[in-house]
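Starting from the known structure of chain X, fit chain L onto it as the hints suggest.
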Amino acid sequence: DAKTTQPNSMESNEEEPVHLPCNHSTISGTDYIHWYRQLPSQGPEYVIHGLTSNVNNRMASLAIAEDRKSSTLILHRATLRDAAVYYCILRDLGSQGNLIFGKGTKLSVKP
Amino acid sequence: SAVISQKPSRDICQRGTSLTIQCQVDSQVTMMFWYRQQPGQSLTLIATANQGSEATYESGFVIDKFPISRPNLTFSTLTVSNMSPEDSSIYLCSVDPTFHRTSSVGYTFGSGTRLTVV
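From first to last, the protein sequence lines stand for chains X and L.
All residue numbers for the first sequence refer to my numbering, where the first residue is 1 and numbers rise by one.
All residue numbers for the second sequence refer to my numbering, where the first residue is 1 and numbers rise by one.
Bound conformation, chain X alone (with noise of 0.2 Å):
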């Protein structure tokens, strides 16, 4: 599966908008862009995926760039419970199919 960058970590305030960047310049045309948290002390949180249209759902949205090199999760009413630590995830379905994980983004929300 094809490599992720993320920043550490971002500071949000509580109920503003939250951009998390991912850059994923080696995609493959079959790579599914999936996100997940992980809340403190719990197993990973499926949030949202996409492969080329913008998506959204009933926990955030998320936004594919044109030449799909990026992404970007968009939670648009930060919560002091949406501090976690953010993964953004190729997956191809042709592979093995597991989730490879990388640092991820660590989202503070401040009161």
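Worth flagging that the hints you see were computed from the coordinates, not collected in a lab.
Careful, some of the hints might be misleading.
Stated by the list, open to error - Once the Cα atoms are required to be at most 25 Å apart in a straight line, the calculated DMTMM-like pairs of lysine to aspartate or glutamate come out as:
1. X:K103 x L:E86
2. X:K3 x X:D67
3. X:K103 x L:D87
Relative to the frame of chain X, chain L by itself:
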């Protein structure tokens, strides 16, 4: 989505002993994965467990140290054998919830087993 029950949630073990971690899923899944998360680190894949075949181990992990069972489509175990303090980590199981892998969906993770070896 699939719901995972992982047991035990934590344990403190003596060095040289073994611990078996169980992962029970509420639906049939084709692929199950075991990860290790050392303190302050990201997740590292240990192995992939498919029902009816031997587990596939990642580089740096061997079957003698981390034997895995996958007796059916809803259950798997990971054993940490002959433990040393370096094995102190959180161990997590994960599943691809699609029975037929025809599209990409979100994976589900167990809550983890926090292992301390003394």
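Pairwise hint evaluation, E86 of chain L against K103 of chain X, where the allowed Cα distance is 25 Å at most: Status holds; Cα separation ~20 Å.
Given pair status - D67 of chain X, K3 of chain X, alpha carbons within 25 Å: OK: K3 of chain X and D67 of chain X at ~16 Å, within 25 Å.
K103 of chain X paired with D87 of chain L [C-alpha distance capped at 25 Å]: holds, 20 Å
The earlier numbered hints are all upheld by this structure, with none contradicted.
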